[in-house]
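J.: As given, the protein sequences belong to chains F and L, one line each in that order.
Numbered continuously in our numbering, the first sequence closes out at residue 259.
Numbered continuously in our numbering, the second sequence closes out at residue 518.
Don't read these hints as lab results, they were simulated from the structure.
Cβ coordinates follow ideal geometry from the N, Cα and C atoms, glycine included.
Misleading hints may appear alongside valid ones.
Unchecked claim - Residues from chain L that keep clear of chain F, each with C-beta distances beyond 10 Å, as calculated:
# : residue
1 : V265
2 : N284
3 : E320
Said to hold, decoys possible - Derived pair list, reagent style DSS-like, types lysine-lysine, alpha-carbon separation capped at 25 Å:
#  : chain 1 : residue 1 : chain 2 : residue 2
4  : F       : K147      : L       : K518
5  : L       : K277      : F       : K154
6  : F       : K18       : F       : K59
7  : F       : K154      : F       : K18
8  : F       : K59       : F       : K91
9  : L       : K413      : L       : K277
10 : L       : K277      : L       : K318
11 : L       : K350      : L       : K318
12 : L       : K406      : F       : K259
13 : L       : K350      : L       : K413
14 : F       : K18       : F       : K147
15 : F       : K259      : L       : K413
There are 2 protein chains.
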Amino acid sequence: MQTERVIFVTNDDSYLSKGFRAAVNLASEFGRVVAIAPDRVQSGMSQAITINQPLFMRKVESSERVEIYAFSGTPVDCAKIAFDHLFVGRKVDLVLSGINHGSNAAVNVMYSGTMGAAIEGSFYSVPSIGLSLDDHDADADFEGAVKYGRMVIKSVLEAATELPRPLCLNVNVPRIAADQIEGIRLCRQTRGFWREEFYARQDPHGREYFWLTGAFQNAEPEAEDTDEWALAHRYVAVVPVQVDMTDYRMLGSLQGVIK
Amino acid sequence: MQTERVIFVTNDDSYLSKGFRAAVNLASEFGRVVAIAPDRVQSGMSQAITINQPLFMRKVESSERVEIYAFSGTPVDCAKIAFDHLFVGRKVDLVLSGINHGSNAAVNVMYSGTMGAAIEGSFYSVPSIGLSLDDHDADADFEGAVKYGRMVIKSVLEAATELPRPLCLNVNVPRIAADQIEGIRLCRQTRGFWREEFYARQDPHGREYFWLTGAFQNAEPEAEDTDEWALAHRYVAVVPVQVDMTDYRMLGSLQGVIK
Chain F
1 MQTERVIFVT
11 NDDSYLSKGF
21 RAAVNLASEF
31 GRVVAIAPDR
41 VQSGMSQAIT
51 INQPLFMRKV
61 ESSERVEIYA
71 FSGTPVDCAK
81 IAFDHLFVGR
91 KVDLVLSGIN
101 HGSNAAVNVM
111 YSGTMGAAIE
121 GSFYSVPSIG
131 LSLDDHDADA
141 DFEGAVKYGR
151 MVIKSVLEAA
161 TELPRPLCLN
171 VNVPRIAADQ
181 IEGIRLCRQT
191 RGFWREEFYA
201 RQDPHGREYF
211 WLTGAFQNAE
221 PEAEDTDEWA
231 LAHRYVAVVP
241 VQVDMTDYRM
251 LGSLQGVIK
Chain L
260 MQTERVIFVT
270 NDDSYLSKGF
280 RAAVNLASEF
290 GRVVAIAPDR
300 VQSGMSQAIT
310 INQPLFMRKV
320 ESSERVEIYA
330 FSGTPVDCAK
340 IAFDHLFVGR
350 KVDLVLSGIN
360 HGSNAAVNVM
370 YSGTMGAAIE
380 GSFYSVPSIG
390 LSLDDHDADA
400 DFEGAVKYGR
410 MVIKSVLEAA
420 TELPRPLCLN
430 VNVPRIAADQ
440 IEGIRLCRQT
450 RGFWREEFYA
460 RQDPHGREYF
470 WLTGAFQNAE
480 PEAEDTDEWA
490 LAHRYVAVVP
500 VQVDMTDYRM
510 LGSLQGVIK
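With the hints as extra help, turn the sequences into a complete structure.
T.: Okay, here's the thing in structure tokens:
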């Protein structure tokens, strides 16, 4: 018996964002959508979880094809309650997190709540895709992200039984018109870090405040196998993501040092 | 000229925690301590950053050897404002994040705010140590963590010029008396994930709430080179951490699938 696919959708820009709606519509082409997304903006929340507070969920939309819940937790909390509460005993075919307003290429994969949720979803042995557009604008044009997101989803669903688990993809789409995109490139994560310039001012009560504002420092701008290179050259970047953070090369350097 | 060392201390349990005080005291054995820690508990905050709000910092302690600031941001925000604001132009010799109330072994490295700050610190080319005790008790006994933390710090400072950067260590200490600990083991991160049981109840107003409560599922309990094995066998586990999350093996599996 062919049962209908179930696609879990989440993000970090909240269920009210334009990118989330684009993801829900895209996912509904492939099956029944069940979405749990943060009830407010949770950008930059990384793999954060809520330990010390109760969390509240409410259904905000329900039709034959689409069911949406707003949740008071982080993006990772959304994935956890989906798989360890809502979906218990049910088969889920795909996780789609996004479409994020802003790139999650390079080390952004670590800070992103959208990628946090995608990574968490992959822990449940379900193929998981984080989809991001390199444009922070609340009214960004998601046409290219939808077009190429559709292609990646199709490929993953077709090959799902052959691919190992956990399977998590970080898909980033350049901020250009859909017909200007050159294609898709499999990439590795670009090396490099953010450097911040803290914007420091006084509030109306004379207290100094700081506001984070930084720029990514690409340590290898010429490396053609990286996600940043792909984006800069009009390609969609696809990086498979895993969570063993062991520095195996450093293990060698530490022999005889740590004893 | 021999200048005094500067040690940056931070954590995720806030500047008021017992483990933070233990870290400040330990670090002060090695140099002048400058600490910026969250002004409230920020456990489970991972690599989260604060993008959409202003942040406030206040000095809460100042002596010749120790300077402590309470900051309204996440642990990673603490590291960022330390290096990109407070320390600009100054040399820092070591980052010590902790001592965490609770283990950050295995995949906990991804959820932990203490490890988030340690990882962030390593991005500034300063040797960085996240130190955690496998005991969540607010009044936990930090004697073993201090004893072995001291040994690891000493080793890292002595070898600092020879070791590559970024250098970040995830150090976890078992919850046993200091003299029961067998020694230190270099390890890799244990494979495995958390599975949650959401505690669901009704609040006094009749609304359903959920509270995260889970258990770590060790996928390789017999693997003697892992951090969980070390902790279970009375060793201090030291795992070097890096942030290239690319799944290189999956890159091979995806050839011809994503196109």
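J.: Of all the hints given earlier, name the ones this structure violates by number, lowest first.
T.: Number 5 - this is the single hint that the structure violates.
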